[in-house]
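Asker: Assemble the dimeric complex from its two separately framed chains, guided by the hints.
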Amino acid sequence: MSLIATDGLTKRYPGGVTALDGLTVEIEPGIVGLVGSNGAGKSTLLKILLGLLDSTSGSATVFDKDVRTHGIEIRELVGYMPEHDCLPPDMSATDVVSHLALISGLPRTAARERTAEVLRHVGLYEERYRAIGGYSTGMKQRVKLAQALVHDPRLLLLDEPTNGLDPAGRDEMLELIRRTGHEFGIAVIVASHLLGEIERVCDHLVAIEGGRLLRSAPLGSFTERTGTLAVEVEDGRDALAARLVARGLRVAIDGSAVLVDLVDEAPFDIVRDLVVELDVPLVRMEQRRHRLEDLFRDAPAGVPVVVNPADAPEEVAP
Amino acid sequence: MTLPTPPTPSTPPPAATPATVAPAHAGAIDPAVVDPRLPIVLDRVSRWYGNVVAINDVSFSLGAGITGLLGPNGAGKSTLLHLLAGLLRPSSGRVLIAGRPAWREPSIYREIGLVPEREAVHSFLTGRQFVDFAARLQGLPDPEAATARAIDVVDLAAAADRAVGTYSKGMRQRVKIAAALVHEPPILLLDEPFNGMDPRQRLHMMDLLRSMAADGRTILFSSHILEEVERLADGILVIHAGRLAAAGDYREIRRLMTDRPHTFRVRSSDDRRLASAFLSEPAVFGAELRDDRLTVRVSEFSGFTRIVARVARDADVRLFEVAPTDDSLESVFEYLVSRR
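Heads up: the protein sequence lines correspond to chains H and G, in order.
In case it helps, this note's numbering puts the first sequence at residues 151 to 468.
In case it helps, this note's numbering puts the second sequence at residues 11 to 350.
So that you can see chain G by itself, here it is in the shape it has in the complex (with noise of 0.2 Å):
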């Protein structure tokens, strides 16, 4: 069920990219935070189409790992996979892949694997014959047994040798899988890999990704579906009309939001006491009482965290729970789109 473990790459293995927001009605993201020595590197990138600009000065970097790509539709994701797998020509700045220009540099293909949205697979090829053709187009010594062992990892062997035109949405999505991970490329470049797929499907999907994630592998995936994300990504890229509006983990994403209070729910043996315990704090500036539940309001996340155990004791209160109430991706993903 793995892959072989890639060659280690002879830079000693950066750290986690911090988490950054871009400053609302401000410029980009600030390119000091891109680390040139990563797998993947933009470098104040710009696209446009005529007078259309769908990228519009964006730098980032990734290490290995799963990294989520988010933005409402049409707001520049495709066209960032495509600046990637260097299908497209950035208007200004440089795409980096494995430290190469990705544009009219062949070589990068040894280092990708790309799997498109649009389901560009012929019907009338075997699964095995599709993944095949990718093998050989990679040059690899034995076809094969790469083909075979692809085919494998995707757990498609049962029907490898059916035309893809008899599969179901599930599984042309893994039979293209297959095929783009066939060199074990270092980086995968999906978008929107979940689609058509049932729960188990997902399930395993996902499983797929953290083992390869596991092996040190960069990936980049986009999706809609945002607990998917949540649940799969170690951080995310949001995009929202063409800027890069956030990089990084999402809950520090949020934290780094301090125009916005923070909510925790809260559960506990005597909410009013409670409450009124948590407004003699001066981290807490609301707490309210409805429905048998307890919001808090507070100005400041640690300013809460670090208080809550002890109040709640002093207080003589039983907590059943404490959770922020608007950390989930969802919100996030939610503030960072409605901001401009």
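Looking at chain H on its own, in the form it has when it is part of the complex (with noise of 0.2 Å):
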């Protein structure tokens, strides 16, 4: 069963704004992580999978449920967590959980109890029943997830999750969206700008430009090795430069590294053996790796690309 299934889903807008172009794209359950600039038509395909917004053509389902006809049982087994700050700030959070749970169908007892449950899965003992004006950041942004989570859904919309928190926040925050995804199996949906934050959450990643989808694929291969070895050594990196272009092979400088290309396995051994014959400390030496952002880097054709010269590795003249 797929989790969400769009075909040719497009959406314009009256005045001419086409937010979704014709968006085909598969989902499998996981924790998801879903980017694209500004603009780029997330909230518009959050709106259309709730139902809560019509597209103009093409179709889209969630657990196989046609989000044209079947909106209420969907937002039924979806729980959504907001980006901005939406929580009254004289109720308790407490109050505010289990008003909500009501309003999801939850009986009076069941809402009391799965609210006690919720609020202490996020981390939220006895300030739980102090006004929310009084909460950190953090703490708001926990009792957003547990009202999210309160009526038990098999689907989980997080909008920027640790919008406003610090580190051990941030930290904290993203270990309850692992826990919750997979200790209690429940599909997780992740909207965030912050690639490093996808990349330590999510098993998934859908990456939409313009209404279209620019990539969906598991998240390692996001982040696979590439044929450049990065060395960095204390007080001797363009000596060891020299010394390889002089042994054949293709170099350059990035900061602190010299960048090795690997044709084959040959390059390890003279790297270390060089390393030995020059007697300087080696810091590191791994291959580097490829980035999330590479899939923002290659601009489509219209939008500028803006090189900076600190990026592009220097050749070494051999």
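Hint data in this document are derived by calculation from the structure and do not stem from the laboratory.
Predicted model, so just to flag it, every value in this text is computed and none were measured.
Certain hints may be false.
Within a straight-line C-alpha distance of at most 27 Å, the following computed DSS-like cross-link-like pairs (lysine-lysine) qualify [said to hold, decoys possible]:
| no. | chain 1 | residue 1 | chain 2 | residue 2 |
| --- | --- | --- | --- | --- |
| 1 | G | K179 | H | K290 |
| 2 | H | K215 | H | K197 |
| 3 | H | K215 | H | K290 |
| 4 | G | K179 | H | K215 |
Answerer: As structure tokens, then:
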């Protein structure tokens, strides 16, 4: 069963703005990252999937249910954590979450029990009886996650879940998302601009651009090793580079690193032996990996590519 | 895409401030490392609100380049930026911008551009009007040209005549930056400049800040996104509970933390043989083979980096990968804020 499937999904707003332009994608359950530039069509997609907005053409299903005819059923199965600050400051976390549980159709007793359960799951204890106005950003984010989970959804939609959190708060939120997805088996879609955290928590990535699918693939395929070996030594960068060139290797310099083209495995030994010969400390030697942001570096035609001299490795003259 | 180079300071370009780590449980970083000729100087600065100490005896100096300001929420980062921008009076100590005390010194606003975190932008103004306002406030001789140039730098020309209220978050962020650099200040202070930007806008902003730093500007920005700081900043300042916990290059900072052993990840053609070869080296006190990966624990960083290639060669093992596992900014930051 697919989590989400769209076929030729198109949305044109009155006034001629095309938010989605024939988007076709199929997403399996798991923790899925959704990335795209501002205005790429992410919010429009989420609204159509929730049955809150009609598409212009094409079709979309969530849990194999058609969004046009089964909106309410889909919304019963989905929990949504919005990006913006949306909690009433004068209510306690317990009151807000149990109220939303009641709205989702839980009986009063069940709502109360589930509320206690999810608030414990997100790590809110004594504070949950205090007014939300006095909460830190991290605590508010937890309440937003708890209300998305209270009715026991099968799919969680998280919009920028780490907004405003400091590094420790981000770690905790990401860990919570990972546990929710993996231990509880709830499918999670994380929309975020922070590629680093998508990389840490997601199994699969869907990138959209200009209302079209840019790429949908397992996360690992975005960060595969490249054929470039980066070597960092202390106080011997140029000497090492020159010796590598003398051995017939293609070499470039990038900041403190010497980049070596890996045509086969021979360069590994050449680097090792030259480091011994030159007697320089070897701080780091590893194959470069592709980065998620490479997706956004290959700008489509018409958008100027900003080339930063610091990023463009200078060739070493042989 | 580049701004004209700011006037060269009369003092010779100072050397980079050396990395420093405040000793755990002890006082602040030694003010002896402060160079009073640099564009930004804090000399034993404290700021308290009633009984609450927001900044406690902080000293540092910053020169040209990009510095990342890090710290948990509530650590005192915003107070620090406000002190630098002359918006707050230090309770004790001196804050110097281009050699002049920042407090009650309007002339420093020629030197600094401030990008606040709050979205204090009137939504009814167009982007151009907003930047033009800043240009006139600065008393620039040709505000229109300066405005057009600043808008060009942040790549906002196409939307400059739309109301700011219609902008996306990333565009609003960029219009604030255009207003802050319309007078081409040699010092830029930015509070969470990447907030709300999408990946492409982030890349563009990083390139922009790098090119401005390459022109000799002093740039200080606060951020919670450690990966970004790691890639952009030449040095970091870590504020924790009002104190300066560390300053300088984060990898050097890591090496100064001699109370923590270093670990390296190694991949080779024969991990088992290599592990036993490492164990006969005095610098190595642990090697672990688990899940097909070799982790080596060493007492001294350079003690290991000096021998690793030789040990591998002597054991006739091909080295595929050698990398320190805990010298990322993330682990350095975690060590720093968990130390006290």
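Asker: Hint by hint, say whether it matches the structure.
Answerer: Tested hints:
Under the criterion of a C-alpha separation no larger than 27 Å, the hint pairing K179(G) with K290(H) is consistent with the structure, at around 21 Å. Straight-line distance between C-alpha atoms of K215(H) and K197(H) comes to about 15 Å, which keeps the hinted pair within the 27 Å bound. With a CA separation close to 32 Å, the supplied pair K215(H) and K290(H) exceeds the 27 Å bound. With a CA separation close to 34 Å, the supplied pair K179(G) and K215(H) exceeds the 27 Å bound.
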